[in-house]
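Q: This is what each chain is made of:
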Amino acid sequence: MSNNHDGSTAARGVTTVAPKEGGGFPNPGLPPHVHRQADLHKSAEKRAERVVAGMFLLSVIGTIVFIAAYFLVTPTGRNIFAEEGTPSALWWSNLITGLGLAVAVFFIGAAAVHWAKTLMPDEEMVEERHDIRSSEETREVAVGIINDGLEESGITRRPVIVTAMVAALAALPIAVLAPLSTLGPLPGNKLHHTFWGHNPGQRLARDHDGTPIKLSDVAMNSIFHVMPEGLTHDTPHRMEERAKAAAVIVRIDPKLAKNEESMAMGVEGVLAFSKICTHVGCPVALYEQQTHHMLCPCHQSTFDVTDGAKVIFGPAHRPLPQLPIEVDDEGYLVAPGDFTEPIGPSFWNIHKDK
Amino acid sequence: MKALAARRHHPMALLVILLLALVATGGLYAALSPQTAQAEAYSEDDVEAGEALFLANCATCHGRDAEGLVDSGGTTIGPSLIGVGAAAVDFQVGSGRMPMQSSGPQAARKEPQMTEEQTRQLAAYVASLGPGPAVPDEEWLDTSKGNATKGGEIFRVNCAMCHNAAGAGGALTRGKYAPALDGVSAKHVYEAMDTGPQNMPVFNETNLSPEDKRDVITYLEELEKTGSPGGISLGSLGPVTEGLYAWTIILSLLLGTAVWLGAKAK
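Those sequence lines, one after another, are chains A and B.
For reference, each letter of the first sequence is one residue, going 1 to 354 in the working numbering.
For reference, each letter of the second sequence is one residue, going 355 to 620 in the working numbering.
Extracted from the complex, chain A is given alone in its bound form (with noise of 0.2 Å):
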């Protein structure tokens, strides 16, 4: 055992490594080990004493005030900060409740690691570890015994078995592919399809109400969001549908208009999109009336609604498929048909006619 480079004794067996013979880099040892406050001074071990303690009570504070606020500041019943039931009383309660809870976990691990640094010993030590290498009697006895197991066992001896064996492994795996196989029906042709094609001939119908729109409600440069008006609560799969067949119709002057064949497929400027974003189908809805821009508002895709809602910008790679619409006898807005394309984002076969 020698001494620190600094000539201060090592302490708990710590010790420098000689440099190797002819040169090397020296092992730089530890520094020197620096007494805290608390093992110097009686007071400061006392002070450190206290705080720790105080930390913990602190923590129990907490837990007192959690426990009284879940009774006494509740976000419903009672509560002695403000009305009951009101939203003043949940954040109320919210906030008390949270503090209480807060507080009592925070301390208790801020008393224990303040406990640790300040108390506990500290003084650098290093404990050696054994050598890696087992003993040469051990290495061979460990030998021995996997060569009496394949002695024993006559893997090489019994190759009628092994091949059996080696089957039985192989085949196991595929008792884990079986079940893929009822993970339900593929999509079919659902991803081609929407509600309006199902039900060829339906009124539009405002979203939020479900009320059928007139042509000659559809002011210029307004926006509605429509639905299938046979699409009820009662409709199987709701959800699903709704979130197909969503579309929104925007009445722009024909004099704007920039794609004939798009025009064609809606009535007097009144133009029918689906609502779902070709990109990754988020809800493209954001219109600008005055640029006829359409935003989608995940990843900022624009479409000129004036030109068959063209991508003009973002990342989608498809326009807006369109809703072709006619007006019937009593002048409501039909859609005849489906979408002129799949909607929502792109997949496999999307081309392909089903």
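Please keep in mind that the hints were generated in silico from the structure rather than gathered at the bench.
Some hints here could point you the wrong way.
Unchecked claim - Example chain B residues on the side facing chain A (calculated, C-beta under 7 Å, incomplete): (1) 372; (2) 507; (3) 512; (4) 515; (5) 516; (6) 518; (7) 555; (8) 556; (9) 558; (10) 560; (11) 564; (12) 586; (13) 587; (14) 589.
Stated by the list, open to error - Not the full set, but computed from the structure, chain B residues with beta-carbon under 10 Å of chain A: (15) 451; (16) 509; (17) 527; (18) 537; (19) 539; (20) 541; (21) 550; (22) 552; (23) 557; (24) 583; (25) 618; (26) 619.
Glycine residues also receive a C-beta, built at the ideal position from the N, C-alpha and C atoms.
Knowing the structure of chain A, use the given hints to seat chain B on it.
A: Same frame as chain A, now just chain B:
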């Protein structure tokens, strides 16, 4: 009756009958036609005062007859105001957006520059140029009659995509934005829906009925009253402010704790 019968064959009789029929048709039409405009009665004086104000404050961009101005490059300097109605004027001038402070992608809300009386006179003048949406009746702004739950549904379907589910507003393209809705008066919310100011689409009464609009206003008022019972709302702007908060304040707290854990006691 005798006098009338005697003059039945007078050459002017046909003319008189025709005149009477025309007056009757016009009068009946005026009385029975759907009243989209003019809930408020404006006097001739209002219109005249409004015209004077218009010439002094608005005509530079909107043209002397409010017909709109286009520069030599075809860019609109100010749109035509014929047929925009009193509601549009009350909204744009009453919320301080007009007169516009400077040319830009969007006129911002600011302290109104016209008094309420002047706003009314301007509205009277613009309303006299052509029929358009009128300033809403008090009845449709009375939130005690509205249904906040239904208003919430209407808001989420029609408004939330731009104005944010909590009405905190949001960005559009090229410097345009949907403004935050807190602190906007019921009348201005109604008029904005009715007239579609700037890039906002029109939600006139054939789309959202006056009852629907009142429900939306009630919902917005309820949102404002409720506040944020969960604590700091961070502007209700979603992942942007929440991420900023987590990566700056929360991460600093965690780093500070880690440093404290690792530091030797003195």
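Q: Please go over all the hints and tell whether each is borne out by the structure.
A: Structure-based check of all given hints:
A least Cβ separation of about 32 Å between residue 372 of chain B and chain A goes past the 7 Å threshold, and the interface hint is therefore violated. A least Cβ separation of about 5 Å between residue 507 of chain B and chain A falls short of the 7 Å threshold, and the interface hint therefore holds. Interface restraint check: residue 512 of chain B against chain A, minimum CB-CB distance 6 Å, threshold 7 Å, status holds. For the restraint placing residue 515 of chain B at the interface with chain A, the shortest Cβ-Cβ distance is roughly 4 Å, inside the 7 Å limit, so the hint holds.
A cut of 7 Å between beta carbons decides the hint on residue 516 of chain B: the least distance to chain A is about 5 Å, and the hint holds. The beta carbon of residue 518 of chain B comes no nearer than 9 Å to any beta carbon in chain A, farther than 7 Å, and the hint placing it at the interface is violated. A hinted interface residue such as residue 555 of chain B counts as satisfied when its beta carbon comes closer than 7 Å to some beta carbon of chain A; here the least separation is about 4 Å, so the hint holds. Evaluation of the residue 556 of chain B hint against chain A yields a held restraint, the C-beta minimum of about 4 Å falling below 7 Å.
For residue 558 of chain B, the interface hint holds, since its Cβ comes within 7 Å of a Cβ in chain A; the closest pair sits about 5 Å apart. Taking 7 Å as the C-beta cut-off, the interface hint given for residue 560 of chain B holds, the closest approach to chain A being about 4 Å. Look at residue 564 of chain B: its Cβ only gets to about 14 Å from chain A, farther than 7 Å, so that hint breaks. For residue 586 of chain B, the interface hint is violated, since its Cβ never comes within 7 Å of a Cβ in chain A; the closest pair sits about 11 Å apart.
Nearest Cβ of chain A to the Cβ of residue 587 of chain B: about 11 Å, over the 7 Å cut. The hint is violated. The interface hint given for residue 589 of chain B is broken, as the beta carbon of that residue sits about 16 Å from the closest beta carbon of chain A, more than 7 Å. Taken as an interface hint, residue 451 of chain B does not check out: its beta carbon lies about 15 Å from the nearest beta carbon of chain A, beyond 10 Å. A distance limit of 10 Å between C-beta atoms decides the matter here; for residue 509 of chain B the minimum to chain A is near 9 Å, and the interface restraint holds.
Taking 10 Å as the C-beta cut-off, the interface hint given for residue 527 of chain B holds, the closest approach to chain A being about 6 Å. Checking residue 537 of chain B against chain A: minimum C-beta separation of about 18 Å lies over 10 Å; hint violated. Given hint, residue 539 of chain B at the interface with chain A, is violated; its Cβ is 22 Å from that chain's nearest Cβ, farther than 10 Å. A distance limit of 10 Å between C-beta atoms decides the matter here; for residue 541 of chain B the minimum to chain A is near 20 Å, and the interface restraint is violated.
About 6 Å separates the beta-carbon of residue 550 of chain B from the nearest beta-carbon of chain A, less than 10 Å, and the hint is met. Interface hint at residue 552 of chain B: satisfied, since its Cβ lies 7 Å from the closest Cβ of chain A, which is below the 10 Å cut-off. Hint status for residue 557 of chain B relative to chain A: holds, with the closest Cβ pair at about 6 Å, below 10 Å. The beta carbon of residue 583 of chain B comes within 4 Å of a beta carbon in chain A, closer than 10 Å, and the hint placing it at the interface holds.
Below 10 Å, beta-carbon pairs count as interface contacts, and residue 618 of chain B has one with chain A at about 7 Å; its hint therefore holds. Annotation: interface hint on residue 619 of chain B holds; nearest CB of chain A at approximately 4 Å, less than 10 Å.
Taken one by one, the earlier hints fail for this structure at numbers 1, 6, 11, 12, 13, 14, 15, 18, 19 and 20, listed in ascending order.
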